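Protein chains: 2
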Amino acid sequence: VKITSFKTNSKIARRELGRALTAVENDLDNSDVVINETFNSATKSKIFGITGAPGVGKSTLIDQLIKTFLDGGLTVAVLAIDPSSPFTGGALLGDRTRMYSSGLHNNLFIRSSSSRGHLGGISSKTPEMIKVIEAFDFDIIIVETVGVGQAELDIMKCAHFTSVVLSPNMGDSLQALKAGLIEIADLFVLNKADIAGINQLEKDILFALSLGQSTLKKPKILKTSSTNQTGVLELKKVLLEEYEVLNASGEMDRRIKDSLNFQLELGLRENLKRIFNKFDSLSKKRSSIEEEMYKYKLSPRAAANKLFKDLEKNL
Amino acid sequence: VKITSFKTNSKIARRELGRALTAVENDLDNSDVVINETFNSATKSKIFGITGAPGVGKSTLIDQLIKTFLDGGLTVAVLAIDPSSPFTGGALLGDRTRMYSSGLHNNLFIRSSSSRGHLGGISSKTPEMIKVIEAFDFDIIIVETVGVGQAELDIMKCAHFTSVVLSPNMGDSLQALKAGLIEIADLFVLNKADIAGINQLEKDILFALSLGQSTLKKPKILKTSSTNQTGVLELKKVLLEEYEVLNASGEMDRRIKDSLNFQLELGLRENLKRIFNKFDSLSKKRSSIEEEMYKYKLSPRAAANKLFKDLEKNL
Numbered sequence: 228v229k230i231t232s233f234k235t236n237s238k239i240a241r242r243e244l245g246r247a248l249t250a251v252e253n254d255l256d257n258s259d260v261v262i263n264e265t266f267n268s269a270t271k272s273k274i275f276g277i278t279g280a281p282g283v284g285k286s287t288l289i290d291q292l293i294k295t296f297l298d299g300g301l302t303v304a305v306l307a308i309d310p311s312s313p314f315t316g317g318a319l320l321g322d323r324t325r326m327y328s329s330g331l332h333n334n335l336f337i338r339s340s341s342s343r344g345h346l347g348g349i350s351s352k353t354p355e356m357i358k359v360i361e362a363f364d365f366d367i368i369i370v371e372t373v374g375v376g377q378a379e380l381d382i383m384k385c386a387h388f389t390s391v392v393l394s395p396n397m398g399d400s401l402q403a404l405k406a407g408l409i410e411i412a413d414l415f416v417l418n419k420a421d422i423a424g425i426n427q428l429e430k431d432i433l434f435a436l437s438l439g440q441s442t443l444k445k446p447k448i449l450k451t452s453s454t455n456q457t458g459v460l461e462l463k464k465v466l467l468e469e470y471e472v473l474n475a476s477g478e479m480d481r482r483i484k485d486s487l488n489f490q491l492e493l494g495l496r497e498n499l500k501r502i503f504n505k506f507d508s509l510s511k512k513r514s515s516i517e518e519e520m521y522k523y524k525l526s527p528r529a530a531a532n533k534l535f536k537d538l539e540k541n542l
Numbered sequence: 228v229k230i231t232s233f234k235t236n237s238k239i240a241r242r243e244l245g246r247a248l249t250a251v252e253n254d255l256d257n258s259d260v261v262i263n264e265t266f267n268s269a270t271k272s273k274i275f276g277i278t279g280a281p282g283v284g285k286s287t288l289i290d291q292l293i294k295t296f297l298d299g300g301l302t303v304a305v306l307a308i309d310p311s312s313p314f315t316g317g318a319l320l321g322d323r324t325r326m327y328s329s330g331l332h333n334n335l336f337i338r339s340s341s342s343r344g345h346l347g348g349i350s351s352k353t354p355e356m357i358k359v360i361e362a363f364d365f366d367i368i369i370v371e372t373v374g375v376g377q378a379e380l381d382i383m384k385c386a387h388f389t390s391v392v393l394s395p396n397m398g399d400s401l402q403a404l405k406a407g408l409i410e411i412a413d414l415f416v417l418n419k420a421d422i423a424g425i426n427q428l429e430k431d432i433l434f435a436l437s438l439g440q441s442t443l444k445k446p447k448i449l450k451t452s453s454t455n456q457t458g459v460l461e462l463k464k465v466l467l468e469e470y471e472v473l474n475a476s477g478e479m480d481r482r483i484k485d486s487l488n489f490q491l492e493l494g495l496r497e498n499l500k501r502i503f504n505k506f507d508s509l510s511k512k513r514s515s516i517e518e519e520m521y522k523y524k525l526s527p528r529a530a531a532n533k534l535f536k537d538l539e540k541n542l
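The listed protein sequences correspond, in order, to chains A and B.
Letter by letter, the first sequence follows residues 228 to 542 of our numbering.
Letter by letter, the second sequence follows residues 228 to 542 of our numbering.
Please note that a few of the clues may not be correct.
One copy or two, either will do: identical chains are not told apart, so a pair holds if it fits within one copy or between any two.
Straight-line alpha carbon distances no greater than 25 Å define the calculated PhoX-like cross-link-like pairs of lysine-lysine that follow [unchecked claim]:
#: 1; residue 1: 533; residue 2: 450
#: 2; residue 1: 229; residue 2: 522
#: 3; residue 1: 500; residue 2: 533
#: 4; residue 1: 450; residue 2: 430
#: 5; residue 1: 294; residue 2: 505
#: 6; residue 1: 522; residue 2: 384
#: 7; residue 1: 463; residue 2: 445
#: 8; residue 1: 522; residue 2: 484
#: 9; residue 1: 511; residue 2: 463
#: 10; residue 1: 484; residue 2: 505
#: 11; residue 1: 384; residue 2: 463
#: 12; residue 1: 445; residue 2: 536
#: 13; residue 1: 522; residue 2: 450
#: 14; residue 1: 505; residue 2: 536
#: 15; residue 1: 524; residue 2: 238
#: 16; residue 1: 533; residue 2: 484
#: 17; residue 1: 271; residue 2: 524
#: 18; residue 1: 464; residue 2: 500
Rather than coming from a laboratory, the hints here were simulated on the basis of the structure.
Only a predicted model underlies this, so the values are computations on that prediction, with no experimental measurement involved.
Construct the entire structure; sequences and hints are all you get.
Okay, structure coming up:
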């Protein structure tokens, strides 16, 4: 894989980036090389996470947002994380390349990726895929996820700035807010501002925000309407301005550190799995301890402690 | 903590069970003892997981279901997992003891527990808490969780039988189904059968089911109305009958094994954390490797591999 600036030669970059992402997504032989090469390259993409339940009009809004970025001469990459079923593999988001009206624009790169049943709305490969995209030199990276509640919490570990899209027709928005969205949002986008209930939705959010800890920075609230195409220019302006505020305050550096630590944790878990397969004595011990557990002679917690004691001895 | 049958002496059992659950939930000093003692005790509680988005009328339905179980002379425990925010700790479900109209019934035990921001709608303590409840000898244990999409997938690792409650007014039910609910449900309960859209909802689900793998056992579909109090006796009947079918086929044993393996995995992860704190040389090494990662000299994956290499050497 040849790392090329998308700004300098979008044609070659598009092809090479596609290959690099496929390697990382499917854990191909060259994925380690790709990750190491792209990880070291210093770039300055602004990474915007955009999340929300199905039906809030997220994709139409993102479509319009992409256009305003492209109109401003910026290069844009979109990574759409599709919460496909872990069992049937059915896709939810559909083909974004065809769905976005700017799909074939020269300055736009679009990629869909399955979350593969990984809890949290993103896949274990998502952070590394974002890093690969960054290395190909884009001004803007948009990460789109879908879900309601706790599932979105992971996106804040991948993006620099997280927007949550809500709409009045989704019912119990206040309860969804209580379940954790309040804390991950840097910005609330109230979409479908043209339909009834938008003012109640805003009141609900303001109320929910008033219950939160006063020391936290309150997220902004912005009303948009994809139908009337209003608020999208304002959305672009707010995103870029707020990004700079967080960057200047050092908050962005703290978030990037958090994201790295989260990825480190995932890597350690993978190693743990590997080590039980590597040593024959360990994998036999594991089988026999599991048998005791199945017979209710050992609780899972006691079984884990026992396995780790043997791990410490054996290595 | 004294393990007592709730059927024999509900007053003492209620008090002791409350204490035991508090010990496990908060990881108190005696939690290991409680877990070991309750784990070995063979009991035969039927564990029913009931899940659904906020607003589908889940709690009213569960309230009526509890009553029909109690009317049949059964002892019932309810564990309501509250997806409180990991940051503010705000509760979503409210006080179930007061919300259920049978809250003070002699044969009913109710406990709320916070998911504490743990992804997946349950807390890392949930499986052990269920095991503790089982040891106190209940006929029925109901585990209630809330959420939409991937977040529910964990409940199938705790319950013997999982019901997903849907209602026509929740919008995009088909999309929610595609996102994974199809595979975890043993039973779809279509609540609010009295309002418009119930037939479309049923059609949507049948269509979604038709897309799934034909080898899997299709979940049943049942219509209920909490308002008209219809379908609840039928719900009770189906739950008990289907439980027996799964039990007789050996499927229940397979599920219990899966659940134990899931808990073992959680225990191994906790040990992994512990071990990095235990050895001074390891924790120093970790700090220095993290610093390299922050400077983009090492990718998180490479950092994790390096840390594990040192772990293997040091032990």
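List of violated hint numbers, smallest to largest: Going through the list in order, the structure violates hints 1, 5, 9, 12, 13, 15 and 18 and respects the others.
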